[in-house]
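Participant: Chains as they are written, first to last, in the UniProt record's numbering: chain A, 1 to 273; chain B, 1 to 273; chain C, 1 to 273; chain D, 1 to 273; chain E, 1 to 273; chain F, 1 to 273; chain G, 1 to 273.
Since the hints were derived computationally from the structure, they do not count as laboratory data.
A hint or two may mislead.
What the hints assert, rightly or not - Once the Cα atoms are required to be at most 30 Å apart in a straight line, the calculated DSS-like pairs of lysine-lysine come out as:
| id | chain 1 | residue 1 | chain 2 | residue 2 |
| --- | --- | --- | --- | --- |
| 1 | A | LYS257 | B | LYS266 |
| 2 | E | LYS23 | F | LYS23 |
| 3 | B | LYS217 | C | LYS170 |
| 4 | E | LYS170 | D | LYS266 |
| 5 | D | LYS258 | C | LYS257 |
| 6 | C | LYS155 | D | LYS141 |
| 7 | A | LYS217 | G | LYS233 |
| 8 | E | LYS244 | F | LYS155 |
| 9 | D | LYS155 | C | LYS155 |
| 10 | E | LYS170 | F | LYS170 |
| 11 | C | LYS170 | D | LYS170 |
| 12 | A | LYS155 | B | LYS258 |
| 13 | C | LYS141 | C | LYS217 |
| 14 | D | LYS170 | C | LYS233 |
| 15 | C | LYS257 | B | LYS266 |
| 16 | B | LYS258 | C | LYS257 |
| 17 | E | LYS266 | F | LYS258 |
| 18 | F | LYS257 | G | LYS266 |
| 19 | A | LYS155 | G | LYS170 |
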Amino acid sequence: MHWIREHVSKPEIVASIFWIAIKIILIYVIARIVIKVADKTIDHMVIAREKSPLKIDRRRSNTISILIHNLIAYTVNLVAIMLILGQVGLNLGPLLAGAGVLGLAIGFGAQSLVKDVITGFFIIFEDQFGVGDVIQIDQFKGTVEEIGIRVTRIKSWTGEVHIIPNGNIKQVTNFSTYNSIAIVDVSLAYDADIDRAIVLLNEVVAEVYERTENIVKVPQVLGVQMVGTTDLKIRVIAECTPNKQGEVGRILNAEIKKYLDTHGIKQEKVEGN
Amino acid sequence: MHWIREHVSKPEIVASIFWIAIKIILIYVIARIVIKVADKTIDHMVIAREKSPLKIDRRRSNTISILIHNLIAYTVNLVAIMLILGQVGLNLGPLLAGAGVLGLAIGFGAQSLVKDVITGFFIIFEDQFGVGDVIQIDQFKGTVEEIGIRVTRIKSWTGEVHIIPNGNIKQVTNFSTYNSIAIVDVSLAYDADIDRAIVLLNEVVAEVYERTENIVKVPQVLGVQMVGTTDLKIRVIAECTPNKQGEVGRILNAEIKKYLDTHGIKQEKVEGN
Amino acid sequence: MHWIREHVSKPEIVASIFWIAIKIILIYVIARIVIKVADKTIDHMVIAREKSPLKIDRRRSNTISILIHNLIAYTVNLVAIMLILGQVGLNLGPLLAGAGVLGLAIGFGAQSLVKDVITGFFIIFEDQFGVGDVIQIDQFKGTVEEIGIRVTRIKSWTGEVHIIPNGNIKQVTNFSTYNSIAIVDVSLAYDADIDRAIVLLNEVVAEVYERTENIVKVPQVLGVQMVGTTDLKIRVIAECTPNKQGEVGRILNAEIKKYLDTHGIKQEKVEGN
Amino acid sequence: MHWIREHVSKPEIVASIFWIAIKIILIYVIARIVIKVADKTIDHMVIAREKSPLKIDRRRSNTISILIHNLIAYTVNLVAIMLILGQVGLNLGPLLAGAGVLGLAIGFGAQSLVKDVITGFFIIFEDQFGVGDVIQIDQFKGTVEEIGIRVTRIKSWTGEVHIIPNGNIKQVTNFSTYNSIAIVDVSLAYDADIDRAIVLLNEVVAEVYERTENIVKVPQVLGVQMVGTTDLKIRVIAECTPNKQGEVGRILNAEIKKYLDTHGIKQEKVEGN
Amino acid sequence: MHWIREHVSKPEIVASIFWIAIKIILIYVIARIVIKVADKTIDHMVIAREKSPLKIDRRRSNTISILIHNLIAYTVNLVAIMLILGQVGLNLGPLLAGAGVLGLAIGFGAQSLVKDVITGFFIIFEDQFGVGDVIQIDQFKGTVEEIGIRVTRIKSWTGEVHIIPNGNIKQVTNFSTYNSIAIVDVSLAYDADIDRAIVLLNEVVAEVYERTENIVKVPQVLGVQMVGTTDLKIRVIAECTPNKQGEVGRILNAEIKKYLDTHGIKQEKVEGN
Amino acid sequence: MHWIREHVSKPEIVASIFWIAIKIILIYVIARIVIKVADKTIDHMVIAREKSPLKIDRRRSNTISILIHNLIAYTVNLVAIMLILGQVGLNLGPLLAGAGVLGLAIGFGAQSLVKDVITGFFIIFEDQFGVGDVIQIDQFKGTVEEIGIRVTRIKSWTGEVHIIPNGNIKQVTNFSTYNSIAIVDVSLAYDADIDRAIVLLNEVVAEVYERTENIVKVPQVLGVQMVGTTDLKIRVIAECTPNKQGEVGRILNAEIKKYLDTHGIKQEKVEGN
Amino acid sequence: MHWIREHVSKPEIVASIFWIAIKIILIYVIARIVIKVADKTIDHMVIAREKSPLKIDRRRSNTISILIHNLIAYTVNLVAIMLILGQVGLNLGPLLAGAGVLGLAIGFGAQSLVKDVITGFFIIFEDQFGVGDVIQIDQFKGTVEEIGIRVTRIKSWTGEVHIIPNGNIKQVTNFSTYNSIAIVDVSLAYDADIDRAIVLLNEVVAEVYERTENIVKVPQVLGVQMVGTTDLKIRVIAECTPNKQGEVGRILNAEIKKYLDTHGIKQEKVEGN
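Take the sequences, apply the hints, and build the full model.
Facilitator: In structure tokens form, the structure reads like this:
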């Protein structure tokens with residue numbers, strides 16, 4: 001912002017130059033130390049990471065640590081040069097103003113990157129889900145394959161890999177924490193005998209429970225869920241181990257239909273007669 | 001921004017250095033005190049929290065308090081070093097400008113984190129819902145499992161766990177505060193006797209009320225809700241204990257159908273003849 | 001930003017220290033006064049609030065006033081300490097820059113909080129709706145239970161409580177200000193006699209008006225609203241007291257159907273013959 | 001930012017204190033004047049407003065003018081105190097930085113308020129709509145009841161009052177500026193005689209025009225709008241006075257149907273034979 | 001930021017006061033000139049505008065020019081007063097900081113206003129559409145009635161006026177630039193003779209082209225657009241003058257149906273036999 | 001920020017005024033040069049542009065170059081005046097603060113303009129599409145008519161012109177780069193002979209390929225795409241020249257239907273018998 | 001911000017001018033060096049890029065490197081000129097303030113550009129997808145043709161090229177990483193023998209697996225997926241090589257239908273008898 005005042009006598013100039021030199025050396029030394037310390041920290045983090053559940057492989061670790069090293073080294077050197085120029089008395093205002101505008105644009109552009117990293121950290125820290133869990137984020141459902149620094153990868157059961165930036169993860173639904181419920185709505189003809197149907201349903205679900213591994217409790221027959229104009233629906237629910245509701249539902253569908261057919265309960269809607 | 005003026009005599013330099021030394025010591029001492037006070041405060045908060053309804057377990061408390069301790073210690077030390085460098089006369093403008101741009105990007109990226117924490121605080125402070133309540137946030141409905149600092153966990157009745165950042169909670173619907181209403185729309189054939197049907201409905205709902213635990217008042221038969229081209233609907237409502245409307249609705253469905261059948265009121269739409 | 005110039009003679013140093021001491025005392029005294037005044041203001045506001053329509057209960061008032069007291073005391077003391085340090089000659093730039101970045105993040109995160117409070121104030125000040133009114137905000141309709149500083153609570157007729165932050169209230173529909181209109185569209189068979197139907201409708205609605213409490217004017221038969229391919233619709237509207245359109249509609253549905261049946265106007269669509 | 005240099009002789013200190021005193025008095029006087037002028041301006045505005053089309057009632061005017069008076073008085077006094085403290089030589093940087101962060105948060109939160117007021121001003125200034133006009137904003141249609149500083153109130157024909165913040169008004173549709181068009185699509189059986197139907201339609205609409213008040217021109221028969229698989233539609237349009245298209249449409253529906261029936265044009269779709 | 005140094009001798013004070021007086025006069029004179037020049041510019045712009053295609057009427061011009069004059073006069077005087085106070089040596093930092101926060105809130109609130117004006121300028125400059133053109137913006141279609149500084153008014157053919165802020169105009173569709181295409185999809189029974197139908201269609205469209213004013217080229221029979229399960233569609237297109245596709249389509253509908261009927265091509269879907 | 005120190009002797013005042021005069025002249029000269037250079041650059045750019053693929057016509061070039069000239073001249077002169085005032089010693093802080101707030105509002109409002117220009121530049125630079133290509137942006141599909149600095153104009157095949165600001169172009173689909181694929185799904189009755197149908201389809205598409213210009217390869221019969229409850233679909237695809245898939249599809253529709261009819265493969269769904 | 005103090009003796013002026021000259025030369029030299037170093041770096045990057053998987057062709061590389069060279073040269077020269085002017089003592093505040101507002105607008109407008117580049121870098125670095133992969137972004141599915149600095153080009157199988165800015169890529173679904181699953185839901189008539197159908201399905205899928213190249217495992221018959229009112233569905237899944245699920249599904253469709261037909265399992269829904 002200003003420079004050496006000119007109303008100085010000669011010995012003062014010498015003293016002044018001496019002071020400046022000392023400060024430049026100080027800046028240089030501090031810059032060296034900062035880079036060294038940063039390198040050490042990176043090494044520690046890389047080693048810690050290799051043991052962490054994030055499972056980043058060796059080769060990628062190296063790439064990242066070199067990248068970060070370079071980034072820090074360039075930044076520190078740049079700042080050191082600017083500090084030294086500042087000591088020599090250059091007015092760096094314009095340079096800084098330019099850098100500020102550029103930095104602002106980059107800062108705006110990079111904010112979603114920062115958000116990705118912060119959210120990713122909290123997903124792991126809060127243990128929202130782990131590798132192997134079945135989760136759903138928006139319309140993307142599947143098994144978690146990797147929780148990365150910036151993105152999460154989910155493999156759907158049909159083989160697609162969904163890659164979602166962590167900052168875009170708003171609501172997570174985790175299917176692997178608790179037992180799930182299979183819901184079967186049994187259609188009956190409008191004039192079917194409801195009470196008898198419920199008795200038969202209770203019989204068949206108890207029988208299915210005996211034979212089926214993934215059902216954890218005797219399924220419940222809840223009652224008449226809906227009375228439509230030509231049929232009615234009775235709801236049956238079965239608690240089963242996580243993510244087995246599809247399989248259990250298919251078994252219940254088949255067994256209930258066969259059992260009701262055997263016992264003469266009309267399920268089919270017959271049109272036109 | 002500037003440094004020791006050079007037009008100073010020798011004793012003045014000594015005085016100047018003395019002043020600077022005092023200030024550096026002062027900075028150091030204050031930094032120490034700030035860290036100590038912060039540590040004490042964290043300890044207090046951790047103890048207070050362990051008794052609080054937030055129910056954070058011991059192990060996680062420790063993790064968080066160590067994390068916060070480190071964060072504060074690093075920050076205070078960094079600031080102290082910069083203050084001391086400032087006293088020695090280094091122009092720290094460029095350093096600060098760089099940190100500002102970085103800080104801006106982080107600030108932008110972290111704003112949703114801050115919003116999560118603020119909203120989380122108000123959810124608890126305003127007692128919007130508690131652990132165990134049945135609530136709905138957007139399309140996610142279930143029982144509240146945990147109200148955390150940053151996220152709320154809801155367990156749906158089919159076993160999924162929905163994890164929602166607090167800052168994303170815009171509208172909450174709480175189903176556990178008041179009695180709920182079960183709504184049953186009874187379809188009648190177009191040429192059915194409306195008045196007789198209403199009398200019969202009043203009889204059956206009174207009877208159901210006697211026998212059913214979760215209905216809190218005799219259900220009401222409201223009247224002809226809709227006149228369609230081939231059928232009409234009569235609405236029946238029943239006030240029941242919170243979250244029991246599904247169960248009560250199923251009972252009413254079954255009993256009303258059986259009662260009307262018995263008394264010969266036509267409900268079924270017969271097509272084609 | 002700078003400190004006492006060193007080219008000063010001894011008495012000047014004494015004078016300088018004296019000046020600084022005076023300023024520090026001044027800062028301390030002002031800080032005390034600000035805290036006292038703030039406490040008084042809080043007390044006044046709490047008392048005023050207890051009489052206000054906001055109906056905040058005693059216990060919560062206390063919690064809030066202690067909270068605000070602490071907040072102000074900490075802030076004022078912090079500022080006072082910084083002002084004093086500034087007098088002693090410490091360069092507080094770095095500290096402030098750091099606080100600025102943190103403050104920015106908090107400011108961004110807190111902006112929706114500020115918006116909630118401002119909007120809440122205007123809802124009350126402009127008398128948009130009051131406790132007990134039936135209103136609709138987005139898809140949430142119900143009776144207003146509480147208009148709070150930050151959120152509004154609406155109880156739907158089926159018993160759910162919707163909690164909506166005030167800043168999210170964009171469009172409000174108030175159903176309790178004026179009389180409402182019940183709309184009944186009467187279906188007629190395609191070959192029905194329109195003119196006779198209108199005469200009969202006028203008779204029946206006049207009769208219903210006599211017997212029904214919540215209709216405020218004789219309902220109007222507007223005319224042929226729609227000519228479809230197999231039926232046509234005649235619209236009847238009835239002005240009724242606020243929020244009674246459902247009840248009035250049900251009565252009109254039943255009475256019109258019975259009256260037209262009695263007088264042999266074909267309403268039913270007969271398919272296939 | 002700094003204070004009186006200490007290398008001053010005694011008379012200079014006296015002069016300095018004299019100067020400071022003068023400036024403090026100057027600040028005080030200006031603060032008084034600003035408040036007085038503001039009060040006068042408020043009074044003028046209140047009087048002007050009471051005559052303006054905004055129709056704000058007396059009582060509310062008073063509330064607002066007291067509110068604004070207090071706001072200005074507090075602000076001016078606060079600024080004056082800070083200016084005086086600045087003269088005494090206190091470093092107010094930290095105070096201002098804190099106020100800045102708070103102000104930023106409030107500024108962000110208040111921006112929608114400012115937007116409401118600006119848009120409201122332009123709605124009135126550009127005469128987009130007036131009290132009594134029938135308008136539609138998004139899905140809310142009704143008669144304008146009040147155009148306020150911050151919100152617009154619209155009363156729908158079924159009695160609801162929609163309250164919309166001015167800043168949320170993006171597209172306005174005004175139905176009260178021009179004559180409106182009633183559109184009637186007449187269905188004909190697929191094998192009907194198109195040319196004869198058009199002749200008959202022309203006869204009936206001319207007749208209706210004679211008898212009906214709100215139609216401003218003889219309605220036009222536009223032609224075959226659509227050829228479907230089992231019927232075809234002929235479009236008839238009628239220019240009528242603003243917001244009367246519903247009423248005119250109902251009259252045309254009834255008269256056209258009766259006329260075509262009389263003249264044996266098949267409109268009805270006969271299924272199954 | 002600072003004031004007159006006190007270590008000054010008497011003649012210097014006189015010189016200092018003299019300098020300040022000169023600067024104050026200079027500020028006053030410049031302020032006068034700026035206001036005068038601004039007034040002249042406004043006058044020029046008003047005159048230029050009255051001749052421009054924006055068609056702003058005289059009365060509104062006056063209102064606006066007085067408004068702008070006042071705005072500029074107040075602003076310039078305010079700035080001049082602040083500059084003069086700055087010369088006298090008052091620390092205006094706090095005042096400016098307060099104004100800055102207020103200005104920020106207004107700036108944020110006013111940004112959509114600025115965007116409206118900028119976009120409006122470009123709509124005119126780029127000649128996107130003119131008064132009288134038929135355009136569509138989002139779901140609003142109609143004839144452009146006025147392109148204003150802030151809003152565009154569109155009159156739909158049914159008489160509504162849509163008022164859209166220019167900044168909300170994202171995509172414009174202009175229907176008045178080129179000839180439009182009328183599309184007629186002719187349904188044929190599944191077992192109709194396709195080749196003969198195409199020959200007949202070519203005959204009828206050539207005949208219609210001869211008789212109809214708004215068709216600019218002989219319409220084309222494109223071929224079998226779709227093969228459904230029970231019918232197939234042949235597409236016919238006709239280039240016609242802008243915005244006449246509705247009228248031309250109605251004529252083609254009627255003529256094609258009559259021609260195919262005459263020549264025994266089955267169009268009607270016959271159900272059930 | 002400050003002005004000439006008063007503790008100056010007379011010859012120093014003279015020197016000071018001399019320095020200031022020199023600087024004012026320097027500012028004036030630099031301002032002149034900047035304007036001249038800018039004018040030259042504009043001329044060069046206009047000439048370069050007239051040869052560029054942007055095809056801006058002569059008249060518009062002139063308008064724009066005059067506009068830019070004026071803009072630069074006013075800006076440079078304004079800055080020069082402010083620099084000169086700054087040299088004379090006026091405190092321009094308040095002026096700049098005011099301009100900053102105004103500039104901020106304009107900056108925010110103008111950001112979409114800047115984004116339009118940047119995106120427009122990249123569309124041309126990356127050769128995303130050219131004039132004459134058939135592209136789709138959101139729901140707007142048509143032939144590119146003009147790629148402008150701020151907007152892109154697309155003419156749909158029915159004659160509308162869609163005008164889209166470049167900054168709103170998120171995803172572009174270009175139909176003119178590669179050959180397109182015509183897809184024909186042939187419905188067969190449920191009991192049709194699949195293998196024979198596929199043989200016949202292979203025969204007919206080979207025959208069509210011989211006769212049709214725009215098909216580039218023998219079309220492929222892919223197989224049974226879907227088995228519904230009453231019919232099944234066989235998919236046929238044909239690679240054709242860009243944007244000819246509609247035409248080719250119509251030919252395939254007609255020929256396949258006629259060929260299958262001739263060879264007695266049932267396509268028609270027969271209801272009810 | 002200020003200039004040479006006037007209370008200087010002659011030799012001091014000389015010294016001052018000497019200092020300034022040295023600094024100007026220093027600025028000039030550093031500017032030269034920065035440009036040279038930047039050029040070298042660009043050359044290195046261009047060479048590195050030509051070997052990289054980004055596959056940017058030679059001609060475009062040259063265009064870009066010249067562009068970047070010019071950009072850097074202009075920027076560095078501009079900054080150097082401003083630094084030199086700053087040394088001569090010009091108050092550049094106003095200039096910088098103006099540039100700041102302009103820069104802010106550009107910064108806002110350019111932020112999506114920055115975001116594109118950052119996201120593009122991470123897509124390549126994280127190996128989300130490569131050229132030749134089949135991916136889906138929003139509704140755009142196809143083969144990746146080019147991953148550019150700013151946009152990604154995807155070619156759909158029907159020949160369209162979708163061009164998507166990298167910053168708009170939120171969720172990527174990669175279809176080329178794992179085997180995919182073909183899903184076939186076989187409809188059976190309601191009274192079909194489920195157990196026998198499952199046995200037959202197991203036979204046919206095993207047979208198809210033998211004959212078909214792209215199926216990697218014997219397909220699984222999962223069970224009764226759904227029981228509808230008139231039919232039921234049995235689900236069969238087949239793991240196949242990536243992106244072959246369409247082809248495999250078509251083969252399974254045809255073979256299953258033929259096999260069930262042969263063995264007399266009713267699949268067809270027969271209406272009305």
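Participant: Run every hint past the structure and note whether it holds.
Facilitator: Taking the hints in turn, this is what the structure says about them:
| no. | hint | in the structure |
| --- | --- | --- |
| 1 | A/LYS257 to B/LYS266 | holds (28 Å) |
| 2 | E/LYS23 to F/LYS23 | holds (19 Å) |
| 3 | B/LYS217 to C/LYS170 | violated (37 Å) |
| 4 | E/LYS170 to D/LYS266 | violated (47 Å) |
| 5 | D/LYS258 to C/LYS257 | holds (23 Å) |
| 6 | C/LYS155 to D/LYS141 | holds (26 Å) |
| 7 | A/LYS217 to G/LYS233 | holds (27 Å) |
| 8 | E/LYS244 to F/LYS155 | holds (17 Å) |
| 9 | D/LYS155 to C/LYS155 | holds (23 Å) |
| 10 | E/LYS170 to F/LYS170 | holds (13 Å) |
| 11 | C/LYS170 to D/LYS170 | holds (13 Å) |
| 12 | A/LYS155 to B/LYS258 | violated (49 Å) |
| 13 | C/LYS141 to C/LYS217 | holds (27 Å) |
| 14 | D/LYS170 to C/LYS233 | violated (36 Å) |
| 15 | C/LYS257 to B/LYS266 | holds (17 Å) |
| 16 | B/LYS258 to C/LYS257 | holds (26 Å) |
| 17 | E/LYS266 to F/LYS258 | holds (17 Å) |
| 18 | F/LYS257 to G/LYS266 | holds (28 Å) |
| 19 | A/LYS155 to G/LYS170 | holds (17 Å) |
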